[in-house]
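Asker: So the chains spell out like this:
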Amino acid sequence: MAGLELLSDEGYRVDGRRAGELRKVRARMGVFAQADGSAYIEQGNTKVLAVVYGPHEMRGSRSKALHDRALVNCQYSMATFSTGERKRRPHGDRKSSEMTLHLKQTFEAAILTQLYPRSQIDIYVQVLQADGGNYCASVNAATLATIDAGIPMRDYVCASSAGFIEDTPLADLNYVEEAAGGPQVALALLPKSDQIALLEMNSRLHEDHLDQVIEAAIKACKDIYTVLDQVVREHVHEVTTLLGE
Amino acid sequence: MASVVLSEAEKVYIVHGIQEDLRVDGRGCEDYRCTEVETDVVSNTSGSARVKLGHTDILVGVKAEMGTPKLEKPDEGYLEFFVDCSANATPEFEGRGGEELGTEIVNTLYRIFSNGSSIDLKSLCINPREHCWVLYVDVLLLECGGNLFDAISIAVKAALFNTRIPKVRVLEDDEGSKEIELSDDPYDCIRLNVDNVPCIITLSKIGCRHVVDATLQEEACSLASLLLSVTNRGTLTCMKKLGKGSLDPESIFEMMETGKKVGKTLHIALQKTLEKEESLGTTRQKVGFLG
Amino acid sequence: MAPPVRCCVPGERLCSLEEGAAGSGTYTRHGYVCASLAGCLLKTSEDGALPVVSVVRDAESQLLPDVGAVVTCKVCSINSRFAKVHILYIGSTPLKSTFRGTIRREDIRATEKDKVEVYKSFRPGDIVLAKVISLGDMQSNYLLSTAENELGVVVAHSEAGAQMVPISWCEMQCPRTHSKELRKVARVQPEFLQT
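Residue numbers (our numbering), protein chains in the order written: chain Y, 1 to 245; chain L, 246 to 536; chain U, 537 to 731.
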């Protein structure tokens, strides 16, 4: 393939990482004071903001309320200046609706919704800069925001993507690697119990290689879990010392 | 607009305090809240800025693209505005809920920039009648804490100041067809002159006095507001009355005088901050939302 | 000296079910008590029973009205069959976003339910103490009841605009015009009265 080589002979990727290395992750909780919970995450050049409201009364039609659980309502929206080519509509197109459904499915598995019957929890994700791994960064940011809002969760939800080039699984793909068209797997994991909340695969992959790729994705999720865990512990520690308990 | 629930007693408290020139957070009637301005927050854009005015958070991204000039102004480029009221600010903006507020803000921005002196559109022209730069200014409303218009105008001015448009050369072929060549050097770019870009000052009338930079609670107590667009020399370029109450002519003249005074100080402070940021150059530590 | 505070995060295993019972902010899985919130661990030991393990957060997260909770609400509209209210406080915690509730005509009083008239019990704008009797189903909001002596109207404004003083369980008087208006008045506990 002429042009960009996704994996050099020495084992370096386009941005200088090794095959199983993640991009630099920086995160912060409690970004906005008016929302119930908010968080910001940067994974390499991908920047995502997540905000959580709830649990509150059902807005809109009350008939959609579930009698024994809370309804998780998500919206995934990308800023018009987030991609290289300017996007015309921030949300409402097919891709955003698909991501919204995926986020909803992921968080319904993690949040203890039985504690809040007939109510609604809103999760809003805003992508400020898109450089690959948008869904995964959204899930990580939404996890931090939900913890910040004090909504009980079974476990963290950590997500990562993985690809497969030249017999090597790659972890945490950036935009260039995603656009190259090779097989990609997006995986959302509950780390403590090793339960997979969402698994999605694109393109063609031989089933012999599937195990390797999923292993690489699970390992990347666990690495992200260590980073997010540290952020949460620091935040909780900071808040409790400020309160003087 | 995100609404806040206030009881009658709270409204009376706010109104009485303002009569004595003392607002709930201790400011005077002409003081702004603590403002943070940061440019170059998003790297995919030609220019970007983030403004945090109290609890109001705005992110503006400017993208420069090539397009054809408009028929009635063949030797000028133009600006296109788009405002996205994201659901982050309040759940009412989910789906299409924020479109009404967004259209109102966009129309106000178009009115302010429609007079020819705000920004030099002729510098955006590449080939008359054929090619010009179109600046897409996208405003993202992240948190709504009162006084949206002021924050948005400060952010737009800062983003335009930060915009870097690559230099182009027009090559003429033998047949007469023109080719456009972008320069390879990423630092070789043209900057916009934002000295004449006006800022919006919103004055809300509460009781018989008017206040600058109202919070959400103060906006709930005010009946009418006046929106002024003031340049750095104190010239008023645009004026609009908002709200369901009515204003008498003396108050309007008083508010105009206050607006001009406050506007000049705002421009000086903003220019100083932008130049200080610029002078730090590449050594500046980018904080963004992490700080 | 206060014992060191232990912070925990969601999903963390706190103890096994033999050592402690699951309290608020925790859940049980595979015989272990695990945390579901990010906060401080709190162990309250009761005499005889197992210690209750719970996780507390600094800020209170949004509460939901539960059956049997006493709530403070504001009447927004009335009609001959029920009164619609906005629930503002649950116990003494203010809510960030209001919930909608309904007080049916037969739930306003405990005695003589068929002779009740909603217009003579509540008016729009009154602040009412009520108890949640049902979370409601597909068509209705939270169902509330004021069928107790301690429940009913606490603050009301007369037609003249002044705050009225309660004179009996069914009447309130305006201090400005001295006219009496009919309401279902709450009997305030003696310790809350300021003399």
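Hints listed in this document are in silico derivations from the structure and should not be mistaken for laboratory results.
Since we're looking at a predicted model, the values are computed, not measured.
Hints should not be assumed to be uniformly reliable.
Cβ pair distances, simulated, as ranges [claimed, not checked]:
1) U:D594 <-> Y:Q230: 26 to 36 Å
2) Y:Q105 <-> U:S560: 25 to 35 Å
3) L:K367 <-> Y:A33: 18 to 28 Å
4) Y:D9 <-> U:S560: 54 to 64 Å
A few chain Y residues that face chain L, going by a derived Cβ cut-off under 10 Å, partial list only [claimed, not checked]:
5) R23
6) A35
7) Q75
8) A180
Glycine included, each C-beta is placed from N, C-alpha and C at the ideal position.
Asker: Against this structure, judge whether each hint is valid.
Answerer: Taking the hints in turn, this is what the structure says about them:
1. U:D594 <-> Y:Q230: 26 to 36 Å: With Cβ atoms ~19 Å apart, the hint is violated.
2. Y:Q105 <-> U:S560: 25 to 35 Å: Given about 27 Å between the Cβ atoms, the range holds.
3. L:K367 <-> Y:A33: 18 to 28 Å: Violated: the Cβ-Cβ distance is about 44 Å, outside 18 to 28 Å.
4. Y:D9 <-> U:S560: 54 to 64 Å: holds (57 Å)
5. R23: violated (14 Å)
6. A35: Nearest chain L Cβ about 7 Å off; hint holds.
7. Q75: Cβ of Q75 (chain Y) sits 5 Å from chain L, so the hint holds.
8. A180: violated (19 Å)
Hint compliance for this structure: hints 1, 3, 5 and 8 are broken, all remaining hints hold.
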